[in-house]
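Peer 1: Next come the chains, spelled out residue by residue.
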Amino acid sequence: AQSVAQPEDQVNVAEGNPLTVKCTYSVSGNPYLFWYVQYPNRGLQFLLKYITGDNLVKGSYGFEAEFNKSQTSFHLKKPSALVSDSALYFCAVPRGNTGKLIFGQGTTLQVKP
Amino acid sequence: DAGVTQSPTHLIKTRGQQVTLRCSPKSGHDTVSWYQQALGQGPQFIFQYYEEEERQRGNFPDRFSGHQFPNYSSELNVNALLLGDSALYLCASSTGQGVYQPQHFGDGTRLSIL
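Heads up: the sequence lines are chains W and V, in that order. Numbered according to this note's numbering, the first sequence spans residues 129 to 241. Numbered according to this note's numbering, the second sequence spans residues 4 to 117.
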């Protein structure tokens, strides 16, 4: 069964420092992977996706993610964190060929000035 | 271009009551999915509607039902409400049922059961 795991409940980083939010996956076949962000009292916003091709995927708001097949990981990264990046981040994988998204448990990113 | 809109934003009900939540998809989208997000958890898939039919369903009881209208808007109905149904209910829309396109989410309906 398709699944993703986010091993960290919270990540703390200082503004201007690089950030990484971790995600590992377990899928059969070719993985399709997504990152979403959720700000307080809001829905989820799409950041980026990996379907196939380059292992480094660029997305919205300066975020990027690195797909690593050997480590079954899809970590979200940003070279320089902003306070406004503080939010809840989810990685997700679709179940089979359906639009049913399976989400990780989420990682709270706290960026301090 | 309006995104996904959901109504109402907040709702308070008591146990045993019934509730209807509404969703209008993003312009150009024809597929609507519903998710339940409990506090501190990731969203859990309830079901997906395409061409006015339920196409996929998650592990939710029959108390949860839905509908999609010809204009692609959708409703989520929950009967015999339980305290455990308290959650943020998210609607997401996309083009087709495929896995390649990202789903666009509304801001949700916060349902509280007393």
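Because the hints were derived from the structure by calculation, they are not lab data. Mixed in with the good hints there might be a few duds.
If we take Cβ atoms under 10 Å as the criterion, some of the chain W residues that face chain V in the derived model are [what the hints assert, rightly or not]: (1) Gln173; (2) Thr226; (3) Pro241.
Heads up, the beta-carbon is just placed ideally off N, CA and C, and yes, glycines get one too.
Peer 1: Look at each hint and say if it fits the structure.
Peer 2: How the hints compare with the structure:
1. The interface hint given for W:Gln173 is met, as the beta carbon of that residue sits about 7 Å from the closest beta carbon of chain V, less than 10 Å.
2. Checking W:Thr226 against chain V by beta carbon gives a least distance of about 5 Å; that is within 10 Å, so the hint holds.
3. Annotation: interface hint on W:Pro241 violated; nearest CB of chain V at approximately 26 Å, more than 10 Å.
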